[in-house]
Amino acid sequence: MPPAPDIRIPLDVPSEEQERYRENYRKITHGTGRLMLFAGDQKIEHLNDDFAGEGIHPDDADPEHLFRIASRGRVGVFATQLGLIARYGRDYPDVPYLVKLNSKTNLVGTSQSDPVSSELYHVRQAVDLRDRAGLSILGVGYTVYLGSEYEPLMLYQAAQIVNQAHRYGLITVLWMYPRGKAVKDERDPHLVAGAAGVAAAIGSDFAKVNPPKVGGSVDAALLREAVAAAGRTGVVCAGGSQASVPEFLQQLHDQIHVGGTVGNATGRNIHQRSLDEAVRFCNAISAITLDDAGVDEAMRIYGGGG
Amino acid sequence: MPPAPDIRIPLDVPSEEQERYRENYRKITHGTGRLMLFAGDQKIEHLNDDFAGEGIHPDDADPEHLFRIASRGRVGVFATQLGLIARYGRDYPDVPYLVKLNSKTNLVGTSQSDPVSSELYHVRQAVDLRDRAGLSILGVGYTVYLGSEYEPLMLYQAAQIVNQAHRYGLITVLWMYPRGKAVKDERDPHLVAGAAGVAAAIGSDFAKVNPPKVGGSVDAALLREAVAAAGRTGVVCAGGSQASVPEFLQQLHDQIHVGGTVGNATGRNIHQRSLDEAVRFCNAISAITLDDAGVDEAMRIYGGGG
Amino acid sequence: MPPAPDIRIPLDVPSEEQERYRENYRKITHGTGRLMLFAGDQKIEHLNDDFAGEGIHPDDADPEHLFRIASRGRVGVFATQLGLIARYGRDYPDVPYLVKLNSKTNLVGTSQSDPVSSELYHVRQAVDLRDRAGLSILGVGYTVYLGSEYEPLMLYQAAQIVNQAHRYGLITVLWMYPRGKAVKDERDPHLVAGAAGVAAAIGSDFAKVNPPKVGGSVDAALLREAVAAAGRTGVVCAGGSQASVPEFLQQLHDQIHVGGTVGNATGRNIHQRSLDEAVRFCNAISAITLDDAGVDEAMRIYGGGG
Amino acid sequence: MPPAPDIRIPLDVPSEEQERYRENYRKITHGTGRLMLFAGDQKIEHLNDDFAGEGIHPDDADPEHLFRIASRGRVGVFATQLGLIARYGRDYPDVPYLVKLNSKTNLVGTSQSDPVSSELYHVRQAVDLRDRAGLSILGVGYTVYLGSEYEPLMLYQAAQIVNQAHRYGLITVLWMYPRGKAVKDERDPHLVAGAAGVAAAIGSDFAKVNPPKVGGSVDAALLREAVAAAGRTGVVCAGGSQASVPEFLQQLHDQIHVGGTVGNATGRNIHQRSLDEAVRFCNAISAITLDDAGVDEAMRIYGGGG
Amino acid sequence: MPPAPDIRIPLDVPSEEQERYRENYRKITHGTGRLMLFAGDQKIEHLNDDFAGEGIHPDDADPEHLFRIASRGRVGVFATQLGLIARYGRDYPDVPYLVKLNSKTNLVGTSQSDPVSSELYHVRQAVDLRDRAGLSILGVGYTVYLGSEYEPLMLYQAAQIVNQAHRYGLITVLWMYPRGKAVKDERDPHLVAGAAGVAAAIGSDFAKVNPPKVGGSVDAALLREAVAAAGRTGVVCAGGSQASVPEFLQQLHDQIHVGGTVGNATGRNIHQRSLDEAVRFCNAISAITLDDAGVDEAMRIYGGGG
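Protein chains in written order, with our numbering: chain A, 166 to 471; chain B, 166 to 471; chain C, 166 to 471; chain D, 166 to 471; chain E, 166 to 471.
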């Protein structure tokens, strides 16, 4: 297990919410400063592409599959839209939630129009759901497409969301994706570092970036520039989307121990499996992320020996 | 009659409105969990195309025809614009209403500009009409054109409307239509499933979709992916617009019993008939939807033997 | 005189404003249910084109001409912008006013850009003027260009204005004009009927439409579809803009008695005359509209024998 | 001196502000109903073009030059942006100010994009400066580019500003300029009259127009249509920008006595001179405008014999 | 040391905030009226380009480097985004901060779209951070791209920010950059002067401009027009971005003593050095700016002999 870090509370958390922020941060990182985020916002982001089709387990067709995984598996937080949480939350009261505040479908491509993803919900509505329904809503998330012609809208909403969320003691995760006609190489390590730095400048607790690539291949060391640029903002990263389980876990391990990230955000790679396998895969990811387990130990957990 | 389902109240309904939500849900589904929605928003959506012309009964020229049908026929809810309800509601106080909050005309085609339909009324105004005039306003509706360049506006308004409506104990129906330059096949079953899933992600109680087609022909089984993707959000579907009455009823029956939908949203197919026939057709549809009647029994009702 | 109709108060008029609405409706229709609207919003809509030039009486150069006519002639209501009413109203306190809430100039043509006319004033400001200055402001008006790419903005403002106006006991008139690149024939009877139906759907008390034409010529019977489509929303119509006086009055008579309209909205045809003639023309129009006078009787009034 | 006119207070001035409006009107017109407006908004409108260059006195390089002129010369009101007033006002407390609420630079030309000049300050902020700092802020101003594709925005802001300003007892001046791709001849007398009429329709106290031209040459008589169209809204006009002093004064005299205007708005022609000359030129203009002086008398004042 | 100037408090500072404004002004200028602004907003403006790469010291990779410099070096104020201040401010409570309220990335170039940089934070949020966290937030900053098609948005936000900031006793700095398709030469001295004059017109305390050039080379005397145009608004300037240290200091000295500026805004030239060198360079700049030191003395300080 990594040493429990001191929790540095940002100054836009008012004094009356500092204890809640500290507790939320402790819960979302299992006291480790590391984040295992189970991403379940794809019902809007990718429509039904991630939930039905070749190679996808039939369990995944039902949205409740996401909640079952989040409930039985070991996750830091389960990120999805507010509407879905409101619908299933009563039956899954113990899941730690992060409300993803914006989402767009994948229908309009960048060749047609630069990407724009606007707030669907305001921070205040996530806070209301937390306070009225007693759910364990620990944080909020938002995606920024840097380099889009709509960047000003998204940067504004992101900056406001971080500031507002902190006002209510919530943890923030920003998905930082360079994308648009002006962006030649979304995975360029220097550009990814820039994106991570923007998340730091607008005060997010965590920044999710895609793994940088040079010449088409990933290398965890390429993350170091982003990790440095983000400073006290923790960088989390997606694993390889096409990877086999051991490859995925090795990449995650490298991202943390070579690249310096503090965790991962994983979605499809988890929920496209049967409930049982998804839970075991969650736990394997969490072992690496939260317990500093090695890949072999994680593979044992995935294999059911956890 | 289908077994009365447990009513699962979403968590964005505050405790003081939960009894009203439960009662609204019970009324709008006649206690069955199924929805027979009589759609009467075409005076804006289709201008006068649905109300005058060849094959349309002269009764349909008068907007009051819609209210007469809704009053005498058996419907779960009659959906139309707030202005029309305010004008005729005093004479039809017993009709169960759903306020359709957005509408656009059909003049600007997708080849000219991607579709955008913006809120005409706020949820609060529907609530005011309910509370001041004592009308039986059970819910609100909204159309989302996924894949339009204006998708962000509509997704935002839809998400806000569901959240606000639940705050006041109202039931929500979202019309989910993929449309725009980026949409190649609006009826593709996988895309329709994606649209139904979006309605679930933003928390709607019901999603209305168009019947999916493969190779130009409908097949109720194609709805299963959408029904699964929508999870606890009930899917309702339009019948075939050109169908004969028995074909229409058979398709509806199949949608429910083969496709897994929980009802229908029908407009022109009802109101373009004389008042008497329209009422009988309403009742035939409701028999299938609400009573699990077979097509033969529904045809008897349509024939006046109900 | 047509039989005094029952006044049906729409349900978005709150109980404390119902008496005022009833009184406003009675005044604006002179107790007949018919509307003679004297339109004086052209100083923005047509700049100075309607007020100076060949065939226009010099009296019309001064904006006060409009108020003099409205004061001495018999009109249901005088429609113009709030600024003009605020400037002259103190000297014309007995004129019944309708505040036209939006206006645009005629400089940017449809070939350059689809028409958009946005609110200049909010309903609340018309109400303030009524309540503070004690003016007889009976209603508000707004123009909607259906089929414009800016239709969503105008439909939203129109729906909101009707709802707000009713909240304050005011009568509403919507100018419903199909216009824009998508509109091939603005005068098509079926399209005009659609426009009238939209006004009904958003709850307006009256809809002003342009006289429909087929093959370039008007025929009052062509209005019947619009009158039916509008239901309880009264349809009023402009007279022929180029017509001689007897032709104009005959057309108006036909519109009411053949087409089923409940009145007229007339501007230039009145105010481009000398004050004396304008007043007599007003009174002739009102005789047909409000008293069910025949064209001969109206011509006698116009000739000074009224 | 022209006879002191009755002051007609518009009805959107509430009763508790009528005395202030009357007093502001008296001050801004020196009790004459005529307006000598010293325009000093060019630091944004023309950047530094009017303040440094050939033929411009070095005194004009310093923004304080404007305040020195306004303080020592005889002006009805000095119009400039709020920021500049806030910076220098403490040292020039006796200057009568008019806050110009919108401004744009001259960088983006009409060939690139239709002109748009949006509010920089709200009326409320001018009122705050008046009430907190005790400055003599008598009115507010705003420019409308009629015929621009952004006309709806500017017409809305202008109408709102007049209504709000009157609510606080302030006098309003609208700069009415037809401009944009749709405008062929900005100086056409009929179009200028239309622009003046729009200012009347939205209730402004004064409208500033550019001198109309036919065939490239000005003629004060061409203003008569605009003066008539504006009705009770006073028309003020710029002098010839290139004229010699006697020509300028003659044109101003003609505008008033031939064209019927009630004053002038003059900027560069004043402030591009040395302080002493600028003050004498101000006084000459004011003699014509406020005292009905002849051109010869005004020339004596300009020559130092005033 | 330059003589301590009288502090002229602008009139939009309310009386209850005048003492705070005076104190902020004294602190930010070290009582001299001169401003040494350490600019650290590049993590958004230039992504990671200024923080990693050839010729950049590895210390600069970590955002905390900026705070270490601001804490140990002698600066008037450290300008960066609110999010970063909130994250590191607790450990650097003695740094004087200026919150840069808008920022954009450099991904979308002017050839693709005119520049737009919109508010990320409102003045009120900077005030909240000051008041709740007890940080020494002395002012706010904002960039305006004059000549961009988005100029109206930025001029409005800038004018509002200055007015709001003064309301809370804060000092304002506007970055005034002509940029966009309409701008042929961003460094033209007359245009730079125009930009400085705009900052004066909207009331900013300081305007940051880029050094003007004629024929590609800078000359401090070219600043005089801008300094004059800005009047009481102090002009600060960037040093040469490519210059050697002595060249940089000489240019700064010339800007102040030849051009008439009141300080500098320097970013990369400071923070791309090691902490120790950056601090010494800061101090050298401050010696010239705040103490009227000569270049030789400043070089001694830079060399460690300070």
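Keep in mind that the hints were calculated from the coordinates and are not lab data.
Take the hints with a grain of salt, since some may be wrong.
Each pair may be met inside one copy or between any two copies, as identical chains are not told apart.
Unchecked claim - As a list, the in silico SDA-like pairs of lysine to any residue whose alpha-carbon atoms are at most 25 Å apart:
#1 Lys378 with Pro223
#2 Lys378 with Gly468
#3 Lys269 with Asp353
#4 Lys192 with Gly459
#5 Lys349 with Gly218
#6 Lys378 with Asp227
#7 Lys346 with Gln415
To see whether the hints hold, each was checked on the structure:
no. : hint               : result
1   : Lys378 with Pro223 : between (33 Å within a copy, 22 Å between copies)
2   : Lys378 with Gly468 : neither (30 Å within a copy, 42 Å between copies)
3   : Lys269 with Asp353 : both (24 Å within a copy, 19 Å between copies)
4   : Lys192 with Gly459 : within (23 Å within a copy, 54 Å between copies)
5   : Lys349 with Gly218 : between (31 Å within a copy, 19 Å between copies)
6   : Lys378 with Asp227 : between (34 Å within a copy, 22 Å between copies)
7   : Lys346 with Gln415 : neither (33 Å within a copy, 42 Å between copies)
Figure legend: structure checked against the earlier numbered hints; hints not met, in rising order: 2, 7.
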